[in-house]
Amino acid sequence: MKRYSVFVSWVVALTCASGVAFAEAPPRQIDLSKFPAARLDDVVVPLPSEVFNVLDKLGTPDWKGQFRSPNIVNRGERPQIALLLGAVIAEGFVAVEATDRERVKSIGRDVLELARAIGVEKAVLARTNAILSKADASDWIAVREELDGALTDVKDAMIELKDDQLAHLVSLGGWLRGTEVLTAIVDKSYSPDEADLLNQPDLLRYFQERLAEMPPRLRNNQLVARIQKSLEEIAPLVHQKITPASVKRINEITAEVVKAIDSNA
Amino acid sequence: MRRILFLVSLLAIGAPALGTVDDAISRAMEAISPYIKAGYIVRADQWCGDLGVREQKAIPHTLFKGNDYWFVMGTDADNARVAIHVYDSRGNLVETDSWQKGKFAAAHVLPGATGTYYIIVEVTNSPDERTHWAMVYGFK
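Residue numbers (our numbering), protein chains in the order written: chain A, 1 to 265; chain B, 1 to 140.
Honestly, I wouldn't trust all of these hints.
One side only, chain B facing chain A, incomplete, derived with CB under 10 Å [to be verified]:
(1) SER26
(2) VAL53
(3) TYR69
(4) ASN79
With a straight-line Cα cutoff of 25 Å, these simulated BS3-like cross-link-like pairs (lysine-lysine) come out [stated by the list, open to error]:
(5) LYS248/A x LYS259/A
(6) LYS122/A x LYS188/A
(7) LYS57/A x LYS101/B
(8) LYS259/A x LYS105/A
(9) LYS248/A x LYS57/A
(10) LYS64/A x LYS37/B
(11) LYS64/A x LYS122/A
(12) LYS140/B x LYS65/B
(13) LYS65/B x LYS248/A
(14) LYS140/B x LYS57/A
(15) LYS64/A x LYS34/A
(16) LYS241/A x LYS188/A
(17) LYS140/B x LYS101/B
(18) LYS37/B x LYS140/B
(19) LYS259/A x LYS188/A
(20) LYS65/B x LYS37/B
(21) LYS241/A x LYS57/A
(22) LYS229/A x LYS241/A
(23) LYS241/A x LYS65/B
(24) LYS57/A x LYS65/B
(25) LYS101/B x LYS188/A
Calculated directly from the structure, the hints in this document are not laboratory data. Ideal placement from N, C-alpha and C gives every residue a C-beta, glycine not left out.
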């Protein structure tokens, strides 16, 4: 399979680049520590699909066992709604993995409801409609793309509304719920390869930095402060070899914080 | 981030930049289209900006072992040449394949481990002082 995909990639590359002049060879090694800071971009936050795409290849875990019913009625302030929105979108990926049509549709409606509550409904309406129709058609790959798109559209709409901090909280909510699910799956059948998916120290640092930069009114929000503390606890666990004990502990931490997001506690 | 870079570009060279940044994005999208046909999922976000000749930019990204990535770069400047390469966090070149064709370039990565990788984009030649670029990627 891998050999086949490498072959396809070569064919595609050669086809699209017919007449390609292979340019001067790049250096085999560079010193990243000497890279000018001004030329270093922010860390890219991966799409949830990028993680779930790998999980697809690791067997068939009990996805339904990972379901959590988000409480979108008992909503708090905007930071909690933003975090919940990210977590609910991540929940959509779990429902897609479980190929549960009704659950995906219900999550699509929840996403719309939360987007409305935070003032970005218009940005996500087309996506949520597409989630419903593509779930009806059991087109799971397309549903996943729409969920990725919903996450991007919501964040873009928030940035346009000068709510960059809330956009970061949406990403963080998704990452926390995604990490809770990932660690639950890895914990059930630990393998170093699966645990390696948690090797995301720079991404974690990125989230910590975004929280640290937030204005005091957000940073002092009880839920945001709790998440900041949780990330501090997770950081050392992903800065070393990720053992079964680390996986279990990360799962406990993320499960507690996702519960807090969900219950507005 | 795309929006931030986009605004920086606007501030740097004024309203006429609007078309050129969009053109760089269009070029990058054009270059990645064969990969879509080959089953790659292309992320809707784009990374863009402007660079001087031989100036590089590093974009750190968490890549997951088990995924297959193509990073594609394009520019709006017809006579420019761009390059894109991928390094791991220790600075080792990790791409399994790459190509460059004037205003387009691409790098293929099959990460050996999950972790932070650095996508280095560069304008290697250009008639302009600053050259707009855009980067998109796909995975499967």
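Given the hint that LYS65/B pairs with LYS37/B, does the C-alpha gap stay at or below 25 Å? This hinted pair holds, its Cα atoms lying about 23 Å apart.
Distance restraint between LYS241/A and LYS188/A, which requires alpha-carbon spacing of 25 Å or less: holds (18 Å)
Given hint LYS37/B paired with LYS64/A - CA-CA distance at most 25 Å: This hinted pair is violated, its Cα atoms lying about 32 Å apart.
Is LYS65/B close enough to LYS248/A, meaning Cα to Cα at most 25 Å? Roughly 21 Å separates the two Cα atoms, so the pair holds.
How about VAL53/B: closest beta carbon in chain A under 10 Å, or not? violated (14 Å)
Holds or violated: is the Cβ of TYR69/B closer than 10 Å to a Cβ in chain A? Check passed: Cβ of TYR69/B comes within 9 Å of chain A, closer than 10 Å.
Decide if the proposed pair is consistent with the structure: LYS259/A and LYS188/A, CA atoms, cutoff 25 Å inclusive. Given that 25 Å is the threshold and the Cα spacing comes to 20 Å, the pair holds.
Just to be careful, I want the Cα atoms of LYS101/B and LYS188/A compared with a cutoff of 25 Å; is the pair within it? violated (47 Å)
Would you mind confirming whether the straight-line C-alpha gap from LYS241/A to LYS57/A stays at or under 25 Å? holds (22 Å)
Given the hint that LYS248/A pairs with LYS57/A, test it: the Cα-Cα distance must not exceed 25 Å. The given pair, whose Cα atoms are some 22 Å apart, holds under the 25 Å limit.
Check the hint pairing LYS229/A with LYS241/A against an upper bound of 25 Å on the C-alpha distance. holds (22 Å)
Does LYS248/A pair with LYS259/A here, judged by a C-alpha cut-off of 25 Å? Judged against 25 Å, a Cα distance of about 16 Å means the pair holds.
The structure fails to meet hints 1, 2, 4, 6, 7, 10, 11, 15 and 25 from the earlier list, while all remaining hints are met.
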